[in-house]
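Given next are the chains, with one letter for each unit.
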Amino acid sequence: MGKPSHNPTPDPQGSAGQRASAQEPPRWASRLLSWLTPAELLEELQGDLQEQYAQRIDQNGPLRARWWYVLEALMVIRPYYIRRRLAGLANRLRDFFLKRPTKTRPFIHPEHSSPPLMNTDMIRNYLKIAWRNLIKYKGYSAINISGLAVGMAVAITIGLWVWDELSFDHYYDNYDRIVQVAQHGTVNGETWTGSNVPFPLGDELKGQYPNDFKRVLKAWHIQDHGLTVGTNHFSLTGQFIESEAPDMLSLHMLKGTRAGLTEPNSIMVSASAAKVMFGETDPMGKVVKINNAMDATVTGVYDDMPANTEFHQVQFFAPWDLYVSGNHWIKEQGWGNNFIQVWAELHPHVDVDKLSAKIKDIKLKHLANNKELLALHFQIFLHPMSKWHLYSGFDKQGNNTGGLIQYVWLFSLIAGFVLLVACINFMNLSTARSEKRAKEVGIRKAVGSIRGQLIGQFFSESFLVVLLALLFALSLTTLWLDWFNQLADKEMSILWTNPFFWLLVGGFVLVTGLLAGSYPALYLSAFQPIKVLKGTFQVGWLAALPRKVLVVVQFTVSVTLIIGTLIVYQQVQHAKNRPVGYSREGLLQVQMTANDFYTKYEVLHQELLNSGVVYETAQSASQATELWSNNSGFEWPGKSPSQQSDFGTLTVSPEYGKTVGWQFVAGRDFSKDFASDSAAFVVNQAAVRFMSLKHPVGETIRRNGTPYRIIGVIQDMVMGSPFEPVYPTVFFLRGPLNWINIKLKPTVATSDALPQIEAIFKKVIPSVPFDYDFVDQRYAAKFADEERIGQLAAAFAGLAIFISCLGLFGLASFVAERRTKEIGVRKVLGASVFTLWRLLSKDFVLLVFIAFVIATPTAWYGLNGWLKKYTYRTEISWWIFVAVGWGSLLITLLTVSYQTIKAALINPVKSLRSE
Amino acid sequence: MSRTYLGEFEELVLLAVAVLELQSAGAYGVSIADELKLRTQRTTSVTGVHVVLYRLEEKGLVGSELGGASQVRGGRRKRLFTLTAAGQQVLREMRQLRLGFWEALPTPFFS
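Each protein sequence line maps, in turn, to chains A and B. Per UniProt numbering, the first sequence starts with residue 1, numbered consecutively. Per UniProt numbering, the second sequence starts with residue 1, numbered consecutively.
Derived by calculation from the structure, the hints in this document are not laboratory data. Fair warning: this is a prediction, and the values are worked out from it, not measured in the lab. Watch out, some of these pointers could steer you wrong.
[Said to hold, decoys possible] Cβ-Cβ distance ranges computed for the label pairs, FRET-style:
| # | chain 1 | residue 1 | chain 2 | residue 2 | range |
| --- | --- | --- | --- | --- | --- |
| 1 | B | 103 | A | 506 | 52 to 62 Å |
| 2 | A | 499 | B | 8 | 36 to 46 Å |
| 3 | B | 24 | A | 59 | 19 to 29 Å |
[Said to hold, decoys possible] From the derived model, a few chain B residues whose C-beta atoms are all more than 12 Å from chain A:
| # | residue |
| --- | --- |
| 4 | 11 |
| 5 | 53 |
| 6 | 85 |
| 7 | 102 |
| 8 | 103 |
| 9 | 107 |
Each residue gets a CB set at the ideal place from its N, CA and C atoms; glycine is no exception.
All chains should be built: construct the whole structure from the sequences, respecting the hints.
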């Protein structure tokens with residue numbers, strides 16, 4: 001018989017014993033052990049473990065012995081011990097309550113058997129009763145669960161949105177250290193903020209502050225470019241940026257390395273762009289022609305960035321040097337021209353604000369000889385990545401005023417409120433119903449239920465309902481998330497695998513379940529059965545008060561939201577109906593992305609006119625929907641020396657006016673027939689007002705010394721934001737032209753005209769894909785934000801009304817139930833159904849009226865603040881309030897009437913029978 | 001089948017009890033874990049052995065008493081296990097069962 005080589009029972013006086021006591025096992029593990037192990041088993045287990053520990057110190061050394069001891073101690077966390085431990089605790093409690101001894105005697109340790117943690121039979125019974133109650137009162141259950149589910153679903157959806165917004169740009173490893181270099185300038189006391197900076201700024205920052213900036217990257221705007229692979233043309237969004245960009249943005253490279261942009265003739269493409277251009281073939285080393293001018297070899301493929309990142313729309317990165325080599329004029333630009341973007345990554349220890357303060361005058365230093373520009377008081381600053389998305393707004397003093405973060409707060413607030421309202425509704429309904437169950441409680445008690453069992457029952461009921469609601473909420477969220485993504489322009493999904501998400505959901509279920517269950521569980525279970533069963537049990541009139549307050553609060557929120565929705569809608573309509581000063585219909589714009597456009601424009605122009613579908617074409621420096629450039633340096637008769645001249649400037653070709661259809665107030669349009677028109681201005685009314693000219697036509701304006709004559713004044717053209725005043729703008733013929741505007745003949749259908757135009761482009765300029773925009777669509781896109789807010793507000797208002805109606809419905813049914821006998825008596829005495837209906841509905845109408853009185857000033861105050869953001873804004877009209885007031889009254893009556901009419905129709909014999 | 005069901009580990013522990021209860025050390029957590037390690041070459045945790053012993057006790061296959069406190073155990077007593085008649089019966093049945101299978105096998109299997 002193999003006997004262990006060492007004697008497992010050591011000598012009590014042996015040296016091992018002394019060593020063991022000298023070197024105790026880890027104390028925390030011992031404590032865990034004694035805490036988890038059932039008391040009656042502790043001694044032997046602890047003894048065994050300590051003996052083994054002493055053995056292992058001898059055999060394997062103290063380190064391993066301690067390791068083993070900890071491992072063994074942790075192994076106590078197993079079902080058997082935990083069950084016995086809990087059973088022990090439960091037994092102690094039971095002994096405390098139980099007067100008679102248990103009948104069954106466990107095999108060992110009669111006083112500590114190991115029954116299951118909780119009595120499964122009882123739990124099964126609780127659930128059965130809960131389920132039967134749900135089924136019996138189907139209507140109630142449906143309202144209860146659906147109300148809570150909708151509230152939860154709204155909260156989950158908004159929670160996901162908030163999460164998405166707050167985690168914006170967190171994809172980048174250097175999130176904390178990436179900044180964009182931007183500047184403030186001051187014109188006539190108003191500060192503007194822009195991300196366009198002068199060309200020399202990048203090198204200056206790099207050279208002067210090497211200890212602060214790890215990298216400074218000059219870049220061109222993210223915009224669409226034409227890419228050609230072989231004979232295929234693609235239009236892709238990309239950015240020309242210095243070679244360290246992939247490192248700064250910590251791009252996840254699928255092919256190639258992040259150093260791929262160091263060669264001037266290289267290009268890195270996103271995985272999806274690679275698929276579009278090259279299909280399944282390996283893109284590495286392939287040659288791409290950018291804008292039909294620059295050849296570039298693919299040196300890398302990076303993983304597409306997620307939608308909630310600043311650079312997610314960038315489908316390719318190409319070297320800055322490549323762009324400069326094709327646009328030599330860039331290098332010639334000084335400190336006065338703001339046109340490029342500069343991104344930077346700071347060293348780890350650098351404080352953004354301090355560095356901003358350090359570099360703020362860097363531009364002014366280089367403008368020493370230019371009085372006009374110095375007066376604009378340019379201040380360079382760093383805008384950190386953490387603020388790009390949520391804090392992008394700046395006020396007229398150049399302070400960072402927030403931006404999207406305000407909507408994050410607003411929607412979080414709405415979500416919290418909807419959830420709270422749903423929660424309270426849920427509690428209300430379940431308590432209203434539980435009063436009907438007072439008799440059940442009485443009988444249960446009389447039969448022998450102890451209070452703990454009743455508490456258990458009511459809690460398991462409320463948890464069952466909350467869990468069901470959660471199930472519905474999750475499926476509801478999955479269902480409408482697609483729609484919501486579309487609305488909010490997001491790519492969100494439920495965070496199934498995020499522990500934080502489940503923690504929140506679990507916490508919410510726990511809190512709601514406990515709160516909703518607490519009233520019946522704790523209050524009802526305390527009833528004395530004799531009183532309840534005798535029928536003297538009465539709930540005080542106070543019981544209805546919290547419900548009334550709740551209905552008022554709910555309707556206040558709903559009415560506020562509805563008024564808000566209507567006003568947002570009104571504002572959008574107001575701005576949409578604003579006269580824009582030109583005609584957008586049938587107006588196309590094509591960017592001149594390649595040299596061929598410049599050399600072959602005349603041919604194109606002629607061909608298009610000959611086609612018979614085009615009314616006119618013209619070139620311009622920027623789109624009709626954007627004003628890209630503004631300049632100073634204008635002098636005019638009567639200009640006061642303190643006035644800073646800053647005009648929007650737009651170079652156009654002579655046909656521009658005819659093409660876009662601008663309207664003349666005075667004077668004439670540019671004409672090819674007058675050579676002198678190259679020194680002429682057409683100005684808008686805003687410019688005339690700005691210069692305070694009485695008779696503008698014929699006046700001479702000097703731009704940087706050169707005289708120009710005003711030949712015409714046009715009505716203000718809305719080129720920038722439709723909510724802002726039109727910027728004083730001058731139009732002239734000298735300068736670069738980048739866009740072709742094409743006006744279709746109004747008699748020709750767009751669908752007929754487009755193929756013809758495309759054919760002409762293909763024929764004249766075969767190397768570039770025909771890529772066009774409709775001006776009216778571009779213009780409509782300016783309302784996207786406002787429309788989005790309006791739609792979201794409408795959705796939430798609808799849900800809020802739904803939940804409020806549920807609350808109202810619950811209250812109505814509660815009241816109807818309570819007044820059944822009163823109604824019976826009234827009917828017997830001769831009341832008509834209509835009088836009863838009026839009697840019961842009156843109270844609710846009053847409640848909603850109070851809510852309306854509170855909501856009106858609240859909504860007015862909030863919306864007035866929102867509208868102040870817009871210079872071109874609508875007036876809040878009184879009819880909105882009246883309409884919403886009547887509307888909510890109608891909804892109230894509809895909701896309540898079901899219950900009140902039902903109550904009024906009950907045969908009094910039924911309701912009075914039991915007396 | 002009215003026979004008590006035993007898992008493999010339970011069976012081994014029961015056998016270890018049978019072997020060790022005859023020796024001076026007696027059958028208790030550490031000695032059983034050591035015996036199992038020696039014979040099966042696999043590390044068994046004392047905690048696990050304890051759980052199995054309690055289960056066997058609940059099934060009535062082993063009995064136990066407390067005794068044998070020592071310095072090395074921090075003055076704590078150990079629970080010494082002994083085989084009950086039922087335990088012996090189960091072990092015998094197990095052996096019979098296995099032997100029956102072995103006898104049913106053809107002889108070449110053993111060569």
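Assessment of proposed distance window 52 to 62 Å (beta carbons of residue 103 (chain B), residue 506 (chain A))
holds, 59 Å
Once the closest CB in chain A is found, is it more than 12 Å from residue 53 (chain B)? Its Cβ does come within 12 Å of chain A, the nearest being 10 Å, so this is violated.
Residue 102 (chain B) and chain A, when compared Cβ to Cβ, separated by more than 12 Å:
holds, 22 Å
* Going by Cβ atoms, does residue 85 (chain B) stay more than 12 Å from chain A at every point? -> holds, 15 Å
Falls inside 19 to 29 Å, the C-beta gap from residue 24 (chain B) to residue 59 (chain A)? holds, 21 Å
**Request:** Quick one: work out the minimum CB distance from residue 103 (chain B) to chain A and report holds if it exceeds 12 Å, violated otherwise.
**Result:** holds, 26 Å
Exercise. Is it correct that the beta-carbon of residue 11 (chain B) has no partner in chain A closer than or equal to 12 Å?
Worked result: holds, 18 Å
- Is 36 to 46 Å right for how far apart the beta carbons of residue 499 (chain A) and residue 8 (chain B) are? holds, 37 Å
Discussion item. Minimum C-beta separation from residue 107 (chain B) to chain A exceeding 12 Å: can you confirm that?
Written reply: With a cut-off of 12 Å, residue 107 (chain B) remains clear of chain A, as the shortest Cβ separation is near 29 Å.
Hint compliance for this structure: hint 5 alone is broken.
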